[in-house]
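**Q** Residue-level listing of the chains:
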Amino acid sequence: MKRVGVFLCWCGSNISSAVDLDQVAEQTALLPHVVHVEQYKYLCSDPGQETVRKAIKEHALNRVVIAACSPRMHERTFRRAVGSVGLNPHLMEIANIREQCSWVHPDKVTSTPVAVDLVRTAVAKAVKDIPLEPSYVGIEKRALVVGGGIAGIQAALDIADSGYEVVLVEREPTIGGRMAQLDKTFPTLDCSSCILTPKMVEAGQDPRIRLLTYAEVESLSGYIGNFEARIRMKARSVDLDRCTGCGDCWNKCPYRSPGEFDLGLGKRKAIYLPFPQAVPNKPVLDRATCAYFQKDGKCQVCKKVCAPGAIDFEQQDEILEERFGAVVVATGFDLWDHGRYGEYGAGQHPDVISSLEFERLVSASGPTDGKIKRPSDGKLPERVVFIQCVGSRDEAKGVPYCSKVCCMYTAKHAILLKEKIPSSQSYVFYIDVRAAGKNYEEFYRRATVEYGAQYIRGRVSRIYPRGDSLVVVGEDTLLGQKVEVEADLVVLATAVVSRSDAPQVAQKLGFSYDQHGFFTEAHPKLAPVETNTAGIFLAGACQGPKDIPDTVAQAGAAAAKVVRLFAKDQLETEPTVARVDRARCAGCEWCRPICPYKAIEMEAVTERVGSGQVARRVAKVNPSLCHGCGACSVACRSGAMNLLGFSNEQVWAEVEALCL
Amino acid sequence: MKLAYYPGCSSHGSAADYDRSARAVAGALALELVDVPEWNCCGASSAHGADHRLAMYLPGRNLAVAAGMGMGGVVTPCAACYSRLNRAHHWLAEDRRRWLELSAAVGVPYNDVGKPRSLLEVVVGDVGLEAVAAQVRRPLKGLKAAAYYGCLMLKPPEVARFDDPENPRSMDDLLQALGAQPVRWGFKTECCGASLSVSRPELVEKLVGDILDNASAAGAECVVTACPMCQANLEQRRSERHRLPVFYFTDLAGIAFGLSPRELGIPMHLGEPLELLRGKGLLAAGEEGQG
Amino acid sequence: MSVAEREPKIVGFLCNWCSYAGADLAGTSRTSYPTSVRVIRVPCSGRVNPQFVLRAFQLGADGVLVAGCHPGDCHYSTGNYFTRRRFLLVKRFLDYLGIDQRRFRLRWISASEGPKFAETIREMTEELRQLGPRDAAAVEAHAE
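Protein sequences, first through last, are from chains G, B and A.
Heads up, the first sequence is in my numbering, so the first residue is 1 and it goes up one at a time.
Heads up, the second sequence is in my numbering, so the first residue is 1 and it goes up one at a time.
Heads up, the third sequence is in my numbering, so the first residue is 1 and it goes up one at a time.
Derived from the structure by calculation, the hints contain no laboratory data.
A portion of the hints provided could be inaccurate.
[Unchecked claim] A few chain B residues that don't get close to chain G, going by computed Cβ distances all over 12 angstroms:
#1 N111
#2 P168
#3 A284
[Said to hold, decoys possible] Straight-line distance between alpha carbons at most 25 angstroms, and here's what the computed DMTMM-like set of lysine to aspartate or glutamate pairs gives:
#4 G:K397 to B:E166
#5 G:K482 to B:D213
#6 G:K128 to G:E649
#7 G:K482 to B:D173
#8 B:K206 to G:E486
#9 A:K116 to G:E441
#10 G:K418 to G:E441
#11 G:K108 to A:D100
#12 B:K206 to G:D488
#13 B:K144 to G:E343
#14 B:K144 to G:D468
#15 G:K482 to B:D164
#16 G:K108 to A:E126
#17 A:K116 to G:D514
#18 B:K206 to G:E133
#19 G:K397 to B:D164
The structure presented is a predicted model; accordingly, all values stated were derived computationally and were not measured.
Idealized CB from N, CA, C, for every residue including glycine.
Chain G on its own, in the form it takes in the complex (with noise of 0.2 angstroms):
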């Protein structure tokens, strides 16, 4: 016997201005089912929820209604409310007739049937509820980050010091990421590396920690505390247990190319150490540039003089399979190719070079020894521009959002060349200068004041050569003048931007991207390390430009968030999933492909059939992978397949009560 009990909400006046709620009763108390009719002001309240859980006891219901709010506010709530007096909180439903009736149709008249409606809708609907019950998965305590940079290296640290394993996987041959690539930080000019290599040692040496260089996530499939990850280890040609990083291959590999790390620089060798931190201290041969592999197969010279004989010519790509309960996700970001600005010599001009390659030449360890000499010629520029928001805050041909962190390092960049080049004299050419931040603003003006860097409000629209320097054509927009600067060099800040294959990073992994290509989170505010996968978090800037520490702060909220899910044993799963009927089952699996989850397996199952037995097989969900969408409902031709919450019959009935 279904003994369903109506509760209206006033909510203040919010319902009741534009609802003849005592018609609703009215009507509503006529429903089958329906025993009881109750109105209140405040059914959220505590009172409120109070009211609810009296009559349920005292009038013996066992279906709840609740019109009031929509349930995407107060679901939860009410849930609860039902749920602490031994009622099912599966056995209550929300007619929303708040912000898809009073708050719409603010006229009694019209609006009070719209109510009626709505309310019979849910009455039809919490008949045929049935009692749901949560499952519960265990957890993988286990995580995996994947990006090596700061982001990476502090989430991996912050996990692995809670006490959990972490499996830290980087694409290139060491960890340390972008800000290996600085030299000082803003704003207090601190040598990045000295303040990133003991991070970058203590997560080698951490027992917790497994360091992947030069490998790759493959493919990450299953689910909150419970993902397999395919990770590729990319062919190094070096045994990493047996090299002891002595530097012998690569002081007598004969073979020299551009460096990546130096963005093409500084030159290295075929089998090298990216730089001279790099952890895991070992070298990486590099098959492209290598003449045993290009040419001659003969040379060798680096596996002659290695004497622990690490040296493998013969390595192969290597496979390994994975579990784990959480992944943090940090794979950082690119820069901007200025070579789109044609006006900016489109990338031809030797020297106009781009913030990342300003900082490889004032790195003490880059490949000018700190030198800050021009790419051209190698002479030491006494005039240098720098140009701000190159690709930025330009919808025509770049990004239009603000890539956030140019501004500083524009200001840091003045101090150092000041310092560096006494006698040099700096002009940068900007839009705005935004210095929000802690000790940010203070820094800028340093840089103004005490470095004598000339601020120029505006945008550069020429560069071009004249004899060996450079003419800088801009507007003043504060003089409201044309002015031409002659440098020496010109130090574009381009565009902070995702990875190119960010997309393809997302879609691998699992989870949503925005347009640019930067992760998107659960939710701006309230979940900004969250991706909408339960499971995999966000740490720097791959989720949008972000200077260090915002990206330290990210890394470590992620790793809390990890460290949370792992403190706990299992996990409650919603319980609203897809239920097989086996006997209707026809074992058909047209629900498998549909399943963007992959969360329908096949089973086999023995009937009798008269005498004898029949083996067959039928589908069945995996509860913890289902996330309850429904698509297998659809696809299910036989009727077997159907969604708890949201079933066959009570939509059903739900039309029905509306079509009335």
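Since the structure of chain G is provided, determine the placement of chains B and A on it from the hints.
**A** Coordinates of chains B and A only, in the frame set by chain G:
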């Protein structure tokens, strides 16, 4: 390929030489150019400063007449005409009610003839560089040329919709197809100041000087334009020290196709362009001294 | 009631993540729209079995709206792609049943598109008014 041809006023005056080489090169490339009958001035440089409607109606009428010819579009050799025709075309494309307005104003029913194209656009885009290269009889070997686009052909980009507005390549590619060596330089799209040539000559002399200096510094032996304004301005408003010949792209195409300077109207230039061609061995014995 | 005054009845199947939230947003922003629509909440537009739609028409609904997340934005990745293909076929089937295709609409309405939801209901109501009431005899004939 048959196209409606809008020569523009300059072709009857300062750029008669351009008109001649344009028609000659078009002929060599099997482009049939049919003059727009009773075409009128496009209004360039003056109309749009005086009356917005007039500035649309003048080129608009030419477009309407051209559409009535039933050809594969309309082409003009002049960058200024190109700019005005495209402005009007863009304005008309934005709102079909303007078609009626225009038709009533000029007494010719308007129909869309398609985006007006420059001769450069047609040669590079429609004819194609392969077909151009196939016509080359004497490659412009060793000729270092600065392709100069000026401002009217490229901007505003949403109207011109032709090449990269800051770093255009089409004329460079064409010169390469002709066997010449386009230089990399920074003033490809700089304005030469033609519209101020009469009122502020001192200003224009500086602009022209900068352009020619930059071309020389980049190693160019000549400047190549696709605009009668630019060509005239670069030749007339230069100072004594500048000797760089200024060609129309059709001049060099014609020479490469084996046409004589006279057929191309090159002797009508104000500078001394033939010296350079002679020095490069690009003129046949019979053509010597015809300058 | 005259044709102009008669309020048609629309059954709206809205996906929980985008369109239902969009309808809620129309509410929170007090964007008023005709009282013609009654909403049934489903987790995903891909949950809407065509039988539900046919049943609504069978029981006399003047119009049916199915709304979900924009292509590419489905909370369940791919649900709305199936919806799109499925309802292309359903529309043709409606023709076969003698139900004017214009009585059915499939719309992509995101959680931030409250105004679009309101506009969709306005448009649909207007169109259904123009089409007039369903042919009673036809409804009868298709009823069980």
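**Q** Each hint needs a verdict: does it hold in this structure or not?
**A** Hints versus structure:
1. For N111 (chain B), the shortest C-beta to C-beta distance to chain G comes to about 32 angstroms, beyond the 12 angstroms cut-off, and the non-interface label holds.
2. Remark: the non-interface label on P168 (chain B) conflicts with the geometry, its nearest Cβ contact in chain G lying 8 angstroms away (cut-off 12 angstroms).
3. The Cβ of A284 (chain B) sits about 37 angstroms from the closest Cβ of chain G, beyond the 12 angstroms cut-off, so the non-interface label holds.
4. Under the criterion of a C-alpha separation no larger than 25 angstroms, the hint pairing K397 (chain G) with E166 (chain B) is consistent with the structure, at around 11 angstroms.
5. Distance check on the hinted pair: K482 (chain G) and D213 (chain B) sit about 20 angstroms apart at the alpha-carbon level, within 25 angstroms; holds.
6. At roughly 7 angstroms between alpha-carbon atoms, K128 (chain G) and E649 (chain G) fall within 25 angstroms of each other, so this suggested pair holds.
7. Our distance criterion of 25 angstroms between C-alpha atoms is broken by K482 (chain G) and D173 (chain B), whose separation comes to about 32 angstroms.
8. The hinted pair formed by K206 (chain B) and E486 (chain G) meets the criterion: a straight-line CA distance of about 18 angstroms does not exceed 25 angstroms.
9. Distance check on the hinted pair: K116 (chain A) and E441 (chain G) sit about 43 angstroms apart at the alpha-carbon level, beyond 25 angstroms; violated.
10. In summary, the hint linking K418 (chain G) to E441 (chain G) is supported, as the alpha carbons are separated by about 19 angstroms, within the 25 angstroms threshold.
11. Taking the CA atoms of K108 (chain G) and D100 (chain A), the gap is about 33 angstroms. The hint is violated against a cut of 25 angstroms.
12. The hinted pair formed by K206 (chain B) and D488 (chain G) meets the criterion: a straight-line CA distance of about 24 angstroms does not exceed 25 angstroms.
13. With a C-alpha separation of about 22 angstroms, the suggested pair K144 (chain B) and E343 (chain G) falls inside the 25 angstroms cut-off, and the hint holds.
14. About 20 angstroms separates the Cα atoms of K144 (chain B) and D468 (chain G), which keeps this hinted pair within 25 angstroms; it holds.
15. Restraint check for K482 (chain G) and D164 (chain B): the C-alpha separation of about 24 angstroms stays at or below 25 angstroms, so the hint holds.
16. Of the pairs offered as hints, the one joining K108 (chain G) and E126 (chain A) holds, with about 22 angstroms between alpha carbons and a cut-off of 25 angstroms not exceeded.
17. Distance check on the hinted pair: K116 (chain A) and D514 (chain G) sit about 22 angstroms apart at the alpha-carbon level, within 25 angstroms; holds.
18. A threshold of 25 angstroms between alpha carbons decides the hint, and for K206 (chain B) with E133 (chain G) the separation of about 84 angstroms lies outside it, so the pair is violated.
19. Using a Cα cut-off of 25 angstroms, the hinted pair K397 (chain G) and D164 (chain B) holds, with the two alpha carbons roughly 11 angstroms apart.
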